[in-house]
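Participant: Quick mapping for you: the protein sequence lines, in order, are chains A and B. Note that the numbering used here gives residue 258 to position 258 of the first sequence, counting from 1, and the numbers run on in steps of one. Note that the numbering used here gives residue 1177 to position 177 of the second sequence, counting from 1, and the numbers run on in steps of one.
No lab work stands behind these hints, which were simulated from the structure alone. Glycine residues also receive a C-beta, built at the ideal position from the N, C-alpha and C atoms. Among the clues, some could well be false.
To be verified - Computed list of lysine-lysine pairs in PhoX-like fashion (alpha-carbon distance at most 25 Å, straight line): (1) B:K1260 with B:K1476; (2) A:K347 with A:K327; (3) B:K1346 with B:K1392; (4) A:K392 with A:K347; (5) B:K1461 with A:K292; (6) B:K1461 with A:K330.
What the hints assert, rightly or not - Some chain A residues close to chain B (C-beta under 8 Å, calculated; not the full set): (7) N48; (8) V74; (9) R359; (10) H439.
There are 2 protein chains.
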Amino acid sequence: MSKISNLVLFMMLFSFMNFISLTSEAKPGKTQQPKYIFLFIGDGMGQNQSYATNLFLNPTSKEGQSLVYNQFPVQNFMTTYSANDYITCSSASITAISTGHKTNNGRLLKSPNTDSTYFSIAEWAHAEGFNIGIVSSVGINHATPAGFYGHQNSRNMYYEIALELPQSGFEYFGGGGLIDSKGKKGDQADAYAIAQNKGYQWINSIEGFNQLKYGNSNLLVTNPILEAEAEFPWVIDSIAGNLSLAQFTSKGIEILGDGKGFFMMVEGGKIDWACHSNDGASMLYEVIAFNKAVNEAYQFYLQHPDETLIIVTADHETGGLALGIEKNLKPELMQYQNISLQKFQKKVEMWVADSLHPRSFEEVMQSVQFHFGLGNAQKGLALSNEEMALFKAAYRNDFVNHTSRKSDADYLDHEGANGLAQTAVDMLNHKAGFSWASHDHTATPVPLYVIGAGSENFTGKMDNSMYFSKFQNLMKRKK
Amino acid sequence: MSKISNLVLFMMLFSFMNFISLTSEAKPGKTQQPKYIFLFIGDGMGQNQSYATNLFLNPTSKEGQSLVYNQFPVQNFMTTYSANDYITCSSASITAISTGHKTNNGRLLKSPNTDSTYFSIAEWAHAEGFNIGIVSSVGINHATPAGFYGHQNSRNMYYEIALELPQSGFEYFGGGGLIDSKGKKGDQADAYAIAQNKGYQWINSIEGFNQLKYGNSNLLVTNPILEAEAEFPWVIDSIAGNLSLAQFTSKGIEILGDGKGFFMMVEGGKIDWACHSNDGASMLYEVIAFNKAVNEAYQFYLQHPDETLIIVTADHETGGLALGIEKNLKPELMQYQNISLQKFQKKVEMWVADSLHPRSFEEVMQSVQFHFGLGNAQKGLALSNEEMALFKAAYRNDFVNHTSRKSDADYLDHEGANGLAQTAVDMLNHKAGFSWASHDHTATPVPLYVIGAGSENFTGKMDNSMYFSKFQNLMKRKK
Chain A
1 MSKISNLVLF
11 MMLFSFMNFI
21 SLTSEAKPGK
31 TQQPKYIFLF
41 IGDGMGQNQS
51 YATNLFLNPT
61 SKEGQSLVYN
71 QFPVQNFMTT
81 YSANDYITCS
91 SASITAISTG
101 HKTNNGRLLK
111 SPNTDSTYFS
121 IAEWAHAEGF
131 NIGIVSSVGI
141 NHATPAGFYG
151 HQNSRNMYYE
161 IALELPQSGF
171 EYFGGGGLID
181 SKGKKGDQAD
191 AYAIAQNKGY
201 QWINSIEGFN
211 QLKYGNSNLL
221 VTNPILEAEA
231 EFPWVIDSIA
241 GNLSLAQFTS
251 KGIEILGDGK
261 GFFMMVEGGK
271 IDWACHSNDG
281 ASMLYEVIAF
291 NKAVNEAYQF
301 YLQHPDETLI
311 IVTADHETGG
321 LALGIEKNLK
331 PELMQYQNIS
341 LQKFQKKVEM
351 WVADSLHPRS
361 FEEVMQSVQF
371 HFGLGNAQKG
381 LALSNEEMAL
391 FKAAYRNDFV
401 NHTSRKSDAD
411 YLDHEGANGL
421 AQTAVDMLNH
431 KAGFSWASHD
441 HTATPVPLYV
451 IGAGSENFTG
461 KMDNSMYFSK
471 FQNLMKRKK
Chain B
1001 MSKISNLVLF
1011 MMLFSFMNFI
1021 SLTSEAKPGK
1031 TQQPKYIFLF
1041 IGDGMGQNQS
1051 YATNLFLNPT
1061 SKEGQSLVYN
1071 QFPVQNFMTT
1081 YSANDYITCS
1091 SASITAISTG
1101 HKTNNGRLLK
1111 SPNTDSTYFS
1121 IAEWAHAEGF
1131 NIGIVSSVGI
1141 NHATPAGFYG
1151 HQNSRNMYYE
1161 IALELPQSGF
1171 EYFGGGGLID
1181 SKGKKGDQAD
1191 AYAIAQNKGY
1201 QWINSIEGFN
1211 QLKYGNSNLL
1221 VTNPILEAEA
1231 EFPWVIDSIA
1241 GNLSLAQFTS
1251 KGIEILGDGK
1261 GFFMMVEGGK
1271 IDWACHSNDG
1281 ASMLYEVIAF
1291 NKAVNEAYQF
1301 YLQHPDETLI
1311 IVTADHETGG
1321 LALGIEKNLK
1331 PELMQYQNIS
1341 LQKFQKKVEM
1351 WVADSLHPRS
1361 FEEVMQSVQF
1371 HFGLGNAQKG
1381 LALSNEEMAL
1391 FKAAYRNDFV
1401 NHTSRKSDAD
1411 YLDHEGANGL
1421 AQTAVDMLNH
1431 KAGFSWASHD
1441 HTATPVPLYV
1451 IGAGSENFTG
1461 KMDNSMYFSK
1471 FQNLMKRKK
């Protein structure tokens, strides 16, 4: 589309949004200007991911009332398509959310075909005088958090994005670390050091974290324990020495919460990762951790109800999750999984590598039962002969043929044959009535849940490109 | 400027103009009492069924703006669980919608374990002086329409429900006929005759339909062409001599639309049936017909914006539809199917029965290509060797082994092996990126779309049991 038509579109959108703000101003005493804005993004969190977690948390009640945002007074859904596909990627969707512009999949705050740069709501708000916090459970230069300060033709330019981080001047980056902090080949100047040279404090210990308080600024605070791509460990694996997304959120509130007002984005990034590998139980625990982070904002809202706006939404759905296979839905069965697919896969790989102590099929199945409940009839998880045959084939893929998935990347790219780990996860999901259509994103509209000052602006037809001007209208200050 | 961007501009302008007309309605702050209430129920229509239809209608644009209710100013989603299951059936959900009470699956306006009777919003509104219209594209004593006048321990007591119909005194029943009108065994007094004896006019011709006008009352108006269970033919099959759901809706408006005010329920009943057999294309055409019925109400709303309330929702999702399989989504491929699964199945059965003229695999595949596009590389529907092998197996199931699905009931109960019809439908759906998790209902929350007087009452957390009191509050008249 030409620049002119883009301009016309923008003007129409602008007049459309002005119209909304006019009509909402016409409501006497209705729209209040929020001073504290929280944007929570459950990456890959469709309505079913969220609703399944409700049911899992409270399986004896059909109500599923346990997630705090489930009670928010405005609930809606929105479309997420990108400029070039019905199915968006995270960087195209976050570009739409944070700048109001649709772009092509893979691009980050850049136009679809030219290199025009878009600016994010966080950059705009920072210039307006708001403090800014960016929090994620995955790498802080991964697509979603990067979508508030990074501007690159490809979301995969992690190093270049890392170099943009200190240029933002944002007050608080918290959670995951820097992916490719020394470049793709590890031969570049350390991006952590560059950030420090530019005036950022880098904290990566619990002690340092605990000492942070109101007024500290230009912070890059990373979880002391990070996995290969600078992300948090899986919540389901309960790794000690770890800080939670909720802790990074409440610390952000403490640091930013002065009289200036703030905009804080918090991403539950591994909801998406769990859905990519169709690991339902790990997804549930990631949503639970995400909800706890929302709850920190909600507690703040209760103290400042007239000045706080909280939005909980997603960038897209991942996995095409459906709840119910031929009338069967038993979310409570998910409680018997106590390990992430990824960690169990690593366990299997260690067994395979330990050539001096070959594990028998029966030994391996004991571990499957311990970690997934599968084979335990009392738990409602007896295995049929056909199901045992699937496990035998998986054992051969792992131990004999060595054709099964090996690395984290294999999971994200869904390469390789199903080994024991994927077989166990798939089978438990099937028995629980969790059906997955895909290992990738889907086009299904995603939910939004809104509470607080200005929430009445989010009731109508929503698309991910509509946040930017709504935020601007709500946050614009008379000068 | 390209055609596509012109289209986008037009659609934005359209939505902008719509927005102006939307905002010229009820002043916020004080709820207006609607005089004309429309409740549209897309049976089995989850968010993906609806969104897929948007995309199918307008495949060159990612916007998917084509369904009229997609522009309604209040959009939300709601939970649908029944008293005894996460996954509801139509009768339990319609009981919740029409009476505010959760009950067990299978029951109709009766309490879960005792025989306490619930009364519907239509019965209450009728007593308050509203005219009542009940319209469906399936049997008018099928669960959803029956949920406004029938009270039975089982939704399957069709004959008993049919006998309740004339007792309701409702002004207008339109659309499908009476299932089991002479009882399950065909040995009871004709329920049509009983209705006539009780003062109902039964009209089942286009001439009779056309003569109906404002002021006619106690009407049972059935489509001249009905299928085995008293339902409309499939929209995709374009059967002549047939009246549409939209025609029954506009006729209802004409008949009921006097000064008293009315409550009209309109069900798109075969959306659910198509989803039960995972027949995506047939589903799309049923949603399109449903949307045309909504449009009749919307045109009425435009003339009476301060007095009309329209709600478009669903009783549950069916099929666990996901949009996108491993990044692939091509809704436009669905245009190549031009026959319902059910009708194609009947065609195959006729071929099988015609023993004097055995059809070869190649002959049969020509018909598959004609009706589904499959095998046509120009349409993007080339068949691989593996896919041809599936068709060969299906041919054997139909013509050699005689093990494939035979009857309508087989589809609803998903009995039998996949024959050619199901294989063709499944393959087209897969190529279009439509994934189905189930042949039955799922627990996924369903959308609602609301416009008009009182619409601001539907923004918060919604469950199917919350309509009844909202309707009562909106419709209660000071006396």
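Participant: Now tell me if each hint is right for this structure.
Facilitator: Here is what the structure says about each hint:
1. B:K1260 with B:K1476: 13 Å, holds
2. A:K347 with A:K327: Given that 25 Å is the threshold and the Cα spacing comes to 34 Å, the pair is violated.
3. B:K1346 with B:K1392: 19 Å, holds
4. A:K392 with A:K347: 17 Å, holds
5. B:K1461 with A:K292: Given pair K1461 (chain B), K292 (chain A) holds - Cα atoms ~19 Å apart, limit 25 Å.
6. B:K1461 with A:K330: Since the Cα atoms of K1461 (chain B) and K330 (chain A) sit roughly 23 Å apart, the hinted pair holds (cutoff 25 Å).
7. N48: 5 Å, holds
8. V74: 5 Å, holds
9. R359: 32 Å, violated
10. H439: Given a least distance of 6 Å, the restraint on H439 (chain A) holds.
Comparing the model with each numbered hint stated earlier shows that hints 2, 9 do not hold.
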